[in-house]
Structure formats: C-alpha cells, structure tokens
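Participant: Below, each chain spelled out in residue letters.
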Amino acid sequence: MPVIMYDAPGPAEQQRIRTWTLAVAIPVLAILVWAVVTLQGQDLLSGDKWAVLGQPDLLLALMKGVGATLRVASVAVVLSLLFGLLLAIARMSPQRWVSVPARIWIEALRGLPELLLVFFIYLGVPAVTGSSISTFWALVAGLVLYASASMAEAFRGGFQALPRGQAEAASALGLRNLKTLRLVILPQVVRQIFPTLMSEMVRVTKASSLGFVIGYTELLLTGEHAIEYLGGEYAVPIFVAMAALYVIICLVLTQISHVLSARLSPTGKQPGSGRRTSRNRGEQPPPSNKNDEAPHSGAGPERRQQLREV
Amino acid sequence: MEHDSFMISTRDVQKWYGNYHALRDINFTVRTGEVVVVIGPSGSGKSTLCRTINRLETIDSGTIEIDGVPLPVESGPLAKLRSEVGMVFQQFNLFAHLSVVDNLMLAPVHVLGKKAHIARQRAMELLERVGLQGHEHKRPAQLSGGQQQRVAIARSLAMDPKVLLFDEPTSSLDPEMIKEVLDVIVELTKEGMTMVVVTHEMGFAQTAADRVVFMAEGRIVEENTPEAFFSACETDRAREFLSKVL
Numbered sequence: 001m002p003v004i005m006y007d008a009p010g011p012a013e014q015q016r017i018r019t020w021t022l023a024v025a026i027p028v029l030a031i032l033v034w035a036v037v038t039l040q041g042q043d044l045l046s047g048d049k050w051a052v053l054g055q056p057d058l059l060l061a062l063m064k065g066v067g068a069t070l071r072v073a074s075v076a077v078v079l080s081l082l083f084g085l086l087l088a089i090a091r092m093s094p095q096r097w098v099s100v101p102a103r104i105w106i107e108a109l110r111g112l113p114e115l116l117l118v119f120f121i122y123l124g125v126p127a128v129t130g131s132s133i134s135t136f137w138a139l140v141a142g143l144v145l146y147a148s149a150s151m152a153e154a155f156r157g158g159f160q161a162l163p164r165g166q167a168e169a170a171s172a173l174g175l176r177n178l179k180t181l182r183l184v185i186l187p188q189v190v191r192q193i194f195p196t197l198m199s200e201m202v203r204v205t206k207a208s209s210l211g212f213v214i215g216y217t218e219l220l221l222t223g224e225h226a227i228e229y230l231g232g233e234y235a236v237p238i239f240v241a242m243a244a245l246y247v248i249i250c251l252v253l254t255q256i257s258h259v260l261s262a263r264l265s266p267t268g269k270q271p272g273s274g275r276r277t278s279r280n281r282g283e284q285p286p287p288s289n290k291n292d293e294a295p296h297s298g299a300g301p302e303r304r305q306q307l308r309e310v
Numbered sequence: 001m002e003h004d005s006f007m008i009s010t011r012d013v014q015k016w017y018g019n020y021h022a023l024r025d026i027n028f029t030v031r032t033g034e035v036v037v038v039i040g041p042s043g044s045g046k047s048t049l050c051r052t053i054n055r056l057e058t059i060d061s062g063t064i065e066i067d068g069v070p071l072p073v074e075s076g077p078l079a080k081l082r083s084e085v086g087m088v089f090q091q092f093n094l095f096a097h098l099s100v101v102d103n104l105m106l107a108p109v110h111v112l113g114k115k116a117h118i119a120r121q122r123a124m125e126l127l128e129r130v131g132l133q134g135h136e137h138k139r140p141a142q143l144s145g146g147q148q149q150r151v152a153i154a155r156s157l158a159m160d161p162k163v164l165l166f167d168e169p170t171s172s173l174d175p176e177m178i179k180e181v182l183d184v185i186v187e188l189t190k191e192g193m194t195m196v197v198v199t200h201e202m203g204f205a206q207t208a209a210d211r212v213v214f215m216a217e218g219r220i221v222e223e224n225t226p227e228a229f230f231s232a233c234e235t236d237r238a239r240e241f242l243s244k245v246l
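So the sequence lines, in the order shown, correspond to chains A and B.
The first sequence lines up with residues 1 to 310 when you count with this note's numbering.
The second sequence lines up with residues 1 to 246 when you count with this note's numbering.
Bear in mind the hints are in silico, worked out from the structure with no lab data behind them.
Heads up, a few of these hints could be off.
[As the list claims (entries may be wrong)] In silico lysine-lysine, BS3-like type, Cα no more than 25 Å apart, as pairs: (1) 179/B x 190/B; (2) 179/A x 190/B; (3) 115/B x 190/B; (4) 179/A x 80/B; (5) 114/B x 179/A; (6) 179/A x 179/B; (7) 190/B x 162/B; (8) 114/B x 80/B.
Next comes chain B alone, as it looks inside the complex:
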C-alpha cells in the first residue's frame, strides 16, 4: 500500500461495548478523493466505524489518522478536527429550533468565525445546490424527511469539509425520498469529494463507489471495487449477505 495522501487511515482498531467486541482489527483506509461505501448486515460495526472516525465513539486500542494526523483526544483540537470532517446522520439531526438557513449558518459563524452575511450567502448557494431554494425560512419540522436530509448535507458542506462521513443517510427515509438524497450524494462524488458512505443501498454502492468495504461481526471481511465485489465476491460471508439483499 502506498502511504501518500491517505485522508483516513486506521490501524488495528479495537472497540468493545462491555463484553461485546464491536470492532475487531480494523485497518481501514480512504485515499483523498476516494468514495468508499461500507456495507454489511445490521450490527456488523459499520456505523460504529463511521462514528469512531470523528470520535463520536472512542476506541479501546489502535490508531486513527485523519489527513496524516492522529485523531486528537483533547476537546479543543478535537473540535477543530470535527469542523473539518463533515458528518451526515441517519436521523438528520437538524437543529429543530432553527430555520433551515440558520442551521446552515450556525457552525460557519460560531466555529469558523465567518461574518453572518457571508455565511448566509454561502448557505443560500448550498441550498440551491441541494434543490431547496425557497425553503430557507422553514423549520426542519415543516420539511419532508428527504428535504431534511438534503439540508443536513448542505449543513455539512457549509463547513467546507475535507472529508464527508455518511452514517446510513437514507435508512430512515420513505422509499420515494431515497433517490432525491442519493442524487445529491452522487453529485458530490462527481465533484471529487472524499467520502465514506455507510449504507444499505446496493444500487448506490454499485454505481457511486470507488471501493466497497464489506463488514460482518465487527471485522472488515472483504474490500474490492464494486464491479469485482458484486460480480464475484471472494468470501462466503459476503456471498450469503448479497444473496439476501440483491
């Protein structure tokens, strides 16, 4: 493996919840500009892996490096790192008390110290980019799930992150809204954004991923290009999984 320009690289990561071994020997890398899709059955540790990358979950041993720098453990540097790593959640987690545009402006103004009018201008551009111009003064509760998730993506983009983490971004959406969210994510892949996408959407994995990582029982079982993985996966565990979901 080449060691230049890894955006994310983890080495021998172990994570336990009590007696439950949630992440086993995780060596996971993402190159700059790469789109890695993580798939696997429920409870396989894929969401946990995603959440350890910006330390929303701590790990018990091993190392995680972002852009060549070990993940900070002190709150100040950690907050700085998180401001550079975007995250999109399954439950959207938009700030319920703020309008759409205020959701997009909060962190740029209060973390990056941007001037309000500049942050607002950028927010409006991003809303247009995710197809939500005209919704800027609504509260999250007034939007559909698909619209909320697109706002959440725009909120992450407002920080100009160097990598974006998606933790099952379409898993709590009604079926007819999944596409509008995936379309936005696919758009981002075309722009060269470095991304980790944990998902159950196999169609998305096939078309948008540079690499597919398959996890089961807390391990990375197999990783390959989507073409190779979906046409001829190497392990029984992956074959069994694909036979159920495809």
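Chain A on its own, in the form it takes in the complex:
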C-alpha cells in the first residue's frame, strides 16, 4: 500500500535523506550518551539501584497502584460514555431550552483544566454540602465532567455523519425513536467514532494520575510514596517502572480497540489481514482491494463502485 504524501525518492533526494538522517542521528545519540554518562556519574544506573524493582513489596504496591488506576479509570470511562451520549442528545434537541444549556455546559467544561475540576469537586462539595467526598469519587467526578463533554462532541459528530436515510428507513418500517436510536443509529455511530472514543479512554486513564494531587493512591502516588520510603536514589528505576506500566496499560487498551474496531467494521472483516470472520465463512470471498486495508474504510461510493465490478 503506497504511503500517502510520499513519492518514491530519486537519487538526489535519497542523498538528501541520508544527509538529514545523519544530521539528526548524531546529536540525538550525543544527548543519549551524555544522559547515560551523567546518570552513571551519579551512580544512578548501577545494578543494585535497579535490583529494587525485584522487591516483592514494591511490586505489590505498584500492582495495587495499577489496580487503583484501573478502577478509577473504568468507572470514569463508563460514566463519561453515558453522560457524553446524553449530553450529545440534549445538544441536538430541537427544543432550544434543552440544546442551548447543553451547548454552554459542553463548551464551558471543555475549556476547563481537569486539575481544576478535580480540586473544585474535592474542596467544593464539602464546602457546599457540609459532608466530605471520598478522593475516589472526587477524582471520578472531575474526570467525568471533562471527558463527558468531550465525548459528547464526538457523539454529536458521529450522529451528524450518519446518513439521514438510516433513521428514515427505520421510521418507515415503524420503529419508534428509542428503538431507532438503539438498534440502528447508535451501533453505527459507535463504530464511526470508535477510534475517538478509544483515545479518549486512554486519555482518561492517564488523567487518573491527577489523583496524586488530592491524595487518591493510584499508580503515580504509589510510586511517589515508594520513592519517599526507599530513598531518592531509587527514583529513576521506579519512575521508569511506572512509565512502563502506564505504557503497558495504554498499549493493552489500544490493542483491545484494534480488535474491537475490526469486529465492528461494516463488512465484519479484520482490516488488512484479508481474513474472514466466521459469519462470512462458506460465502464467496469478499473482493480484496486496497480500500479494505484502511482500518476504517466505510461503504463509500468508491468502494461500492469497486464491488460492483467484481
């Protein structure tokens, strides 16, 4: 599959590419070497420092941190999806007294830093109601306030991108509004905006590290406590371990999203692999064409054209 934006380079261009490769690679290598030497000089890279990662207590604590991060993230993601959908529907309401407040709410919350929202809930709720709020729910609420507004916009984009005929066909068959939404519109909208929703979920997961500032013991704060307990000289290995854990969590989420979005593609096929799902087994193989390799190739006119010619 040809890469968009890049033509095959000619000889002069190849020379230019080599020159620039060296021009970038040499300084980058130099910085890396300098960093390693500096850390080495302060004895931060020696084996006994890294051996701390083998300590069962530390590993257990970090795993607990991962668990706390995942708990907060999963509750926040589910609630954000729910409220995001409701906000999007309110925002598209033909009733102005519903759509205008929804729009103001969405715009205002998307413009606020999450940190502020988390603080606001954690300190504001006790001030107003007189009863304190747990760090878990303060963090969840702060994350949901922001993420639901941003998911609402994703949902709205998906609703608007869906051809009008889908809802019309459903109405013409006698389906009422809620069933049309549930059976025809939402499944297609979710497919359409799936990559956006997935990256928002990854973002929420990382943003759960804001629990740090209100004392919710998630992964980041766990690591911080461990460093305080064990000593600053273990900071580098522990931070690297935490970073690795965050990356692993997000990679797993991304991987799940790839598998799911392949399942959800309009032809029910795995993108790129040309493999057929069990539902298609025994049928004629679907035509393989370049478009099939694009992960989210829809049933656009070009595609239909190609299928006709088969």
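Place chain B on chain A using the hints.
Facilitator: Just chain B, lined up with the frame of chain A:
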C-alpha cells in the same frame, strides 16, 4: 369517483418549503390493488408526494387517508401506520451495520414482535423471491446497488405491508442493474400488491402501471391509463415532457 376501497386518498394537500410551493392542490387516490406510477420532471414534487403518504414529510394543509383512516399525527399511531406502509428509497438505506438477513428481521422482530426463528424463515423466503438466496450473511456494502435495492424491497415485504411506496427505486443504479430491480417490482404487480411508484423509467410505466400520474411544478397535471397517456396525452406540459424523455 367511487369512495369504496381507496387505499390512499389525499384531498387538497398543500406543502411549502419556505416560500417554495412544493405541492399544490394534490388530490391523489390509489385503489386497493392498483399500481400507480408517478412521473414528471425533477422538482415536480413527485418524491415529496410519495414521502408525505407515510408522513416522512409533513403537509401544511389538506388531508391524507390511508385505508380510510386519516394519517396519524402522534408518534405511536404513526409508527403503527408506517409498519403497514412499505417504503423503498432511492438510496436503498439498508442498515449498514447489519447483515442482509438481519436487515430483513429487524422490524418484524422489534416492531411486530415476531419470534426470531419465524422472522428468519420468512426473511429467507423473501430473499429467495428477490433472487438473493445465499447472500443472507453479507453486509450491504458487499452487495451491488441492484442487489441492495432488491434486499430493500424484501425488507419492506417482510412487514407484509398493505401498500408499497417506491421513491425513485432505480434512480441511483447503474444502467445494467435497473432491470433486475424492475423485474422484482413487476413480479409484485402481478401478485396484486397496491403500489405507488415514483420513477423516471417510462418503459416500466407503460407496461406495469394501471394508471399514470403526471406531475409538474407541484401539481398533478394529468392522469390516465398508460396506453392513453403515452399515445395521446392531453396537456402541452405532458407532451413537452414526453418529447424529452421518450
């Protein structure tokens, strides 16, 4: 005019889009079992008329009755009525996320409350009837335009409608696929299905219609049997139109 067994009857229907008078004084009737083909130039209001019959478009004044009952305005009764009036669209509008058989089963199961295995059996019969047996597990995107439109017709038939509305069913098809769709529609006319077909296919109008309705500028200009209309139409407007399309 006799008043018994009109499947569709409209009286003095007016429809405006802003300042644009889309439907003017429409008095349109379809008897039970009758096949009425609506023709006319683009923008003549024929699609709009078709879409007002199941209230996908609202009207500004006049009345529309289906099977002797005024078109409901509340969503519950309206949904019930729509479940009895089949509609086939120019753009097919198959549910893109569902397989062919699921497209045919959705409304019977979720509107009529049929059991899944009964709806599936009926869906398979209908697919065979439109010549698409063996395609039941494909997604719409894997079918040609002609195949998609035949699935759409089968999807309407799955609801056992008492009348079928076709809104330019072949207008977005490649020429070589028009026939396979028209053949299915002609088959239905032979079975006595009550139908309104908005189309640009004059050959179809000549052979399959019981009556031809010619519209221009939002009015019904002329209506007659296909033989009379195509051999000796009465108005200049119709003559001008036919001279361009025949």
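Participant: Take the hints in turn and mark each one as holding or not.
Facilitator: Against the structure, the hints come out as follows:
no.	hint	in the structure
1	179/B x 190/B	holds, 16 Å
2	179/A x 190/B	violated, 35 Å
3	115/B x 190/B	violated, 30 Å
4	179/A x 80/B	holds, 14 Å
5	114/B x 179/A	holds, 16 Å
6	179/A x 179/B	violated, 35 Å
7	190/B x 162/B	holds, 15 Å
8	114/B x 80/B	holds, 15 Å
The structure is inconsistent with the numbered hints 2, 3 and 6, although it conforms to all the rest.
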